[in-house]
Amino acid sequence: MTQETVHAVTPLVRVEDLSVRFAGTPPVHAVNNVSFELAPGEVLGILGESGSGKSVTLKTLLRLLPERKTTITGKVEVDGQDVLALEGRALADRRGGVASMIFQDPSLALDPVYTIGQQIAETVIRHEGISKSDAMARALEMLEVVRIPSAKRRLDNYPHEMSGGMRQRAMIALALACRPKLLLADEPTTALDATVQIQILLLLRDLQKELGMGVIFVTHDIGVAVEVSDRLAVMYAGSFVETGSVKDVIRDARHPYSKGLLAANLVGAVPGTRLDAVPGAPPPLNALPEGCSFAPRCAHAETACGISPLPIWTGGNGRWARCVHASRAGALAAAESTS
Amino acid sequence: MSTPILSAHNLVKHFNAGGFGAARKVVRAVDDVSFELAPGETLGVVGESGCGKSTTARLLVQLLRPDSGSVRYEGKVVGPELPLKAFRSKVQMVFQDSFASLNPRMTMIDAVAFGPTVHGMSQSDATRKAQDLLDRVGLDPSRFGGRYAHELSGGQRQRVNIARALAFDPQVIVLDEAVSALDKSVEAQVLNLLMDLRRERGLTYVFISHDLNVVRHISDRVMVMYLGEVAEIGPAESLYSAPRHPYTEALLAAMPSLDPDRRTMEAPLAGDPPNPIDPPPGCRFHTRCSRAFGPCSTLVPPSHTVGKSHVAACHLNSVKEHVA
Amino acid sequence: MAVTAETVAHLAKIEKSQGYWRSVWTRFLRDKVAVCAGLVAAGLVLMAIFAPWIAPADPLEGSMIKRLSPIGTEGYPLGADELGRDMLSRLIYGARLSLFMGVVPVLIAFAIGAAIGIAAGYLGGWVNTITMRVLDVLYAFPSVLLAIAISGALGAGILNGLLSLTVVFIPPIARVAESVTTSVRKLEYIEAAQASGASSLRIVRDHVLGNVLGPIFVYATSLISVSMILAAGLSFLGLGVSPPNAEWGLMLNTLRNAIYVQPWLAALPGVMIFLTSISFNMLSDGLRSAMDVKQ
Numbered sequence: 036m037t038q039e040t041v042h043a044v045t046p047l048v049r050v051e052d053l054s055v056r057f058a059g060t061p062p063v064h065a066v067n068n069v070s071f072e073l074a075p076g077e078v079l080g081i082l083g084e085s086g087s088g089k090s091v092t093l094k095t096l097l098r099l100l101p102e103r104k105t106t107i108t109g110k111v112e113v114d115g116q117d118v119l120a121l122e123g124r125a126l127a128d129r130r131g132g133v134a135s136m137i138f139q140d141p142s143l144a145l146d147p148v149y150t151i152g153q154q155i156a157e158t159v160i161r162h163e164g165i166s167k168s169d170a171m172a173r174a175l176e177m178l179e180v181v182r183i184p185s186a187k188r189r190l191d192n193y194p195h196e197m198s199g200g201m202r203q204r205a206m207i208a209l210a211l212a213c214r215p216k217l218l219l220a221d222e223p224t225t226a227l228d229a230t231v232q233i234q235i236l237l238l239l240r241d242l243q244k245e246l247g248m249g250v251i252f253v254t255h256d257i258g259v260a261v262e263v264s265d266r267l268a269v270m271y272a273g274s275f276v277e278t279g280s281v282k283d284v285i286r287d288a289r290h291p292y293s294k295g296l297l298a299a300n301l302v303g304a305v306p307g308t309r310l311d312a313v314p315g316a317p318p319p320l321n322a323l324p325e326g327c328s329f330a331p332r333c334a335h336a337e338t339a340c341g342i343s344p345l346p347i348w349t350g351g352n353g354r355w356a357r358c359v360h361a362s363r364a365g366a367l368a369a370a371e372s373t374s
Numbered sequence: 402m403s404t405p406i407l408s409a410h411n412l413v414k415h416f417n418a419g420g421f422g423a424a425r426k427v428v429r430a431v432d433d434v435s436f437e438l439a440p441g442e443t444l445g446v447v448g449e450s451g452c453g454k455s456t457t458a459r460l461l462v463q464l465l466r467p468d469s470g471s472v473r474y475e476g477k478v479v480g481p482e483l484p485l486k487a488f489r490s491k492v493q494m495v496f497q498d499s500f501a502s503l504n505p506r507m508t509m510i511d512a513v514a515f516g517p518t519v520h521g522m523s524q525s526d527a528t529r530k531a532q533d534l535l536d537r538v539g540l541d542p543s544r545f546g547g548r549y550a551h552e553l554s555g556g557q558r559q560r561v562n563i564a565r566a567l568a569f570d571p572q573v574i575v576l577d578e579a580v581s582a583l584d585k586s587v588e589a590q591v592l593n594l595l596m597d598l599r600r601e602r603g604l605t606y607v608f609i610s611h612d613l614n615v616v617r618h619i620s621d622r623v624m625v626m627y628l629g630e631v632a633e634i635g636p637a638e639s640l641y642s643a644p645r646h647p648y649t650e651a652l653l654a655a656m657p658s659l660d661p662d663r664r665t666m667e668a669p670l671a672g673d674p675p676n677p678i679d680p681p682p683g684c685r686f687h688t689r690c691s692r693a694f695g696p697c698s699t700l701v702p703p704s705h706t707v708g709k710s711h712v713a714a715c716h717l718n719s720v721k722e723h724v725a
Numbered sequence: 444m445a446v447t448a449e450t451v452a453h454l455a456k457i458e459k460s461q462g463y464w465r466s467v468w469t470r471f472l473r474d475k476v477a478v479c480a481g482l483v484a485a486g487l488v489l490m491a492i493f494a495p496w497i498a499p500a501d502p503l504e505g506s507m508i509k510r511l512s513p514i515g516t517e518g519y520p521l522g523a524d525e526l527g528r529d530m531l532s533r534l535i536y537g538a539r540l541s542l543f544m545g546v547v548p549v550l551i552a553f554a555i556g557a558a559i560g561i562a563a564g565y566l567g568g569w570v571n572t573i574t575m576r577v578l579d580v581l582y583a584f585p586s587v588l589l590a591i592a593i594s595g596a597l598g599a600g601i602l603n604g605l606l607s608l609t610v611v612f613i614p615p616i617a618r619v620a621e622s623v624t625t626s627v628r629k630l631e632y633i634e635a636a637q638a639s640g641a642s643s644l645r646i647v648r649d650h651v652l653g654n655v656l657g658p659i660f661v662y663a664t665s666l667i668s669v670s671m672i673l674a675a676g677l678s679f680l681g682l683g684v685s686p687p688n689a690e691w692g693l694m695l696n697t698l699r700n701a702i703y704v705q706p707w708l709a710a711l712p713g714v715m716i717f718l719t720s721i722s723f724n725m726l727s728d729g730l731r732s733a734m735d736v737k738q
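Residue numbers (my numbering), protein chains in the order written: chain A, 36 to 374; chain B, 402 to 725; chain C, 444 to 738.
Simulated from the structure, these hints should not be mistaken for laboratory data.
Among the hints, erroneous ones may be present.
[Said to hold, decoys possible] From the structure, some residues in chain C lie toward chain B, with a derived Cβ separation under 8 Å: (1) A562; (2) L630; (3) A641; (4) S643; (5) D649.
[As the list claims (entries may be wrong)] Pair by pair, the computed Cβ-Cβ distance ranges are: (6) A583/C x A424/B: 24 to 34 Å; (7) R645/C x V413/B: 46 to 56 Å; (8) A583/C x V413/B: 33 to 43 Å; (9) D735/C x M666/B: 47 to 57 Å; (10) A423/B x G315/A: 57 to 67 Å.
What you are looking at is a predicted structure, and each value in this text was computed from that prediction instead of being measured.
All C-beta atoms in this analysis are idealised placements derived from N, C-alpha and C, irrespective of residue type, glycine included.
Using the sequences and the hints given, assemble the complete structure.
And the structure:
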């Protein structure tokens, strides 16, 4: 490990006006004008339903999208490097070096024909050029870090010889082997049983603190997001609709979609009663409405919602919501408090 | 309790997992499971993968034949006392995979109308009924009736599957993870629909899910399963507030808190659920239980009544009985 | 809960969505290679049907002086064969028997093999095991050898050739039918149909057939070219079609002595076999991808 001076002011990740389009007729607008920053050592949870663009946003940070079919515009900086400008070798060095990723399905990250130990060692050799025996020692150390019992024996296991939770731990060990500054987590606990999920969440939380990495955690599950994140971004139809600290968003959601998600997660619901459900379904990403994408499902929708750009309500502490209704309510409240 | 509408009596189902003779491996998917359903109630069934929830559901609707034990509908044993075809129209099922549950070559109207025609309704009456039901589950029959499964969203497909089950005018519907694959906002809509239908038609549900929040919301009683056995069964209220089986406690403690100030600090259980091939002797949970003691590894815990219609299969309760 | 007719009277009109086969057709039309192959195949079929009108000469009438005339000879645009018969006419007429020998055995084998495979796949268990093992025994013989053996035992003749080819194609079609049916049987919509109380026959008719016949048929069409080549092979060996009938395989056989004198002429029947088999293969490939419904 090299000692590096950390500039507290430079964010680890800076995304500016990121848009991702997939080729098609009409083209799919997977991500639309997303901007955010991640401080070193911070955990950002991106919350969204299937097709909200949360995974695409994450993959853009490592440029994991199929190049031919994708058009990326905007600016993406990870650790001061313009990711969109990287080519070939430099890009490969990034992946697994500065930033690495864990997935819902470990088979995307683990190769079935090599043992866990070989795979971790291989990655370390590739990025740090150390000797094979040192790399194996690091692999063992990593398995202990992720708390795999009898780690020494597990080094020689193939992925299929491990249980679901163990495989997930092994994948985390692989992702963290080169001490990345940024960990990208794409629903890593979704396929796990509840009692195993909480183990993995706690492990990730502990490791994040120990290693001081920045984490972007993508999930559809509010409960999971609350367990791991410092900050929360709610994503809908390819756009961030609301961000803020976890507490602020959970306790005092401003965007009607965030409120709907909370209601759907039965926060404060009385058993047996009807839920305050958001009607309808998300719009198709190749035919997004003008203005607010959520307006067709929103109980507060009005004509102003169909006009871009939408007004943004801002609270303190980096908190904002992109909503006509929220910004007006915010302005009213501000006027009242000053008068 | 009045005559239960549906009851399971000592259901056992083992699957062959390969091997011959002494090396033969058996998955003990469901082992001696019994429970009763009162008319109009909703029984939630929770448990982790491999606990036998889905097998229990398929045994209950007679898609699988039990190795031993029986299912009774209104006290009559299905098969000898109640013909299977009559039972079919009383007890229906909705599956998790909304896409695989629909014949890709059938329009939605035909999919819903199929059941009634099997039971002797004319094609035109069945079609009319299907239109009515699609309308009831929130799908305009003139827009959606002629579509095929791949032209609908997951939530819409699951509504069709519910309509298909309703087409039999059943008394009981077994919902096997029926809302689990849906997005949260759509899931809430379908839960509302299920609760409305329950009230309108006096339906009895068996609601199987891994999501304890949802189960608590919709269920009157909850059954917790572990490795093919019933660990605890009781009223939702008391089971969630005062669980009497360490496994139930662990499941509840493993739920994400949804409160940023009170995050979960400790995982209640270590490791993965064991394989249902070759489950541990005695109490099947003892290998993961932090409170296991003497008898747990050798004696199968009997069912202790721990409250009003609240039963838990844990030795700790016998200790409490003795102390009391 | 009774549903009354009055409440739904106004709902009776249902907007019918584009049917499955319509969408297959649209996707098929987008595949240019498959459309070309389809046109070629259709052309060959038309040529076979209208042979008497298209062919410039009698395929059986020879002329000793014109024997082995090269391509482009006056009155013989594609030359003449070893007995001085017009090559073009023989090739056109040959399409009749060749296509017949390619298509008919596959169709019969499709009917029989699909029935066996679907039954075995849906019933499962020991019925499946026994049926499939018996078919495996047949399948274990190389198809060429099996066809020759059966034909040889039965003797030459179109009907015997037909029969031997049919027997050869039943096992592979049944195997495909069995595996497709087995995978469909495990889907939840079949379980839902079982839970409706429908009989097995009804489930197979209403839910299984529609979902398995397509893929099995596509597989069968890919066998047409194999069947044609096998039939040609049988004729070549003197089994199957016998002279003086025009059939491409047989023509290839009788012209083989002329290969040093008129190599281009001798290759013509081979070209036809190649063209036909490749167009049928590409057609079936196109059908397969067009029938692939995505969620």
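### Query
Hint check: is the beta carbon of D649/C less than 8 Å from a beta carbon of chain B?
holds (7 Å)
### Query
Can the suggested window of 47 to 57 Å be confirmed for the beta-carbon pair D735/C and M666/B?
holds (50 Å)
### Message
57 to 67 Å was suggested as the range; check whether the CB atoms of A423/B and G315/A agree with it.
### Response
holds (59 Å)
### Message
Checking hints one by one. Is A641/C an interface residue toward chain B, by the C-beta closer than 8 Å rule?
### Response
holds (4 Å)
### Query
Measuring from beta carbon to beta carbon, are A583/C and A424/B in 24 to 34 Å?
holds (29 Å)
### Message
Taking the Cβ atom of R645/C and the Cβ atom of V413/B, is their distance within the range 46 to 56 Å?
### Response
violated (31 Å)
### Message
A closest beta-carbon separation below 8 Å is what the hint needs, so does L630/C meet it against chain B?
### Response
holds (5 Å)
### Message
Hint A562/C vs chain B: min CB-CB distance below 8 Å?
### Response
Violated: closest Cβ of chain B sits about 20 Å from A562/C, beyond 8 Å.
### Task
Check the following: the C-beta atoms of A583/C and V413/B are separated by a distance inside 33 to 43 Å.
holds (41 Å)
### Message
Hint S643/C vs chain B: min CB-CB distance below 8 Å?
### Response
violated (12 Å)
When each numbered hint is compared with the structure, violations occur for hints 1, 4 and 7.
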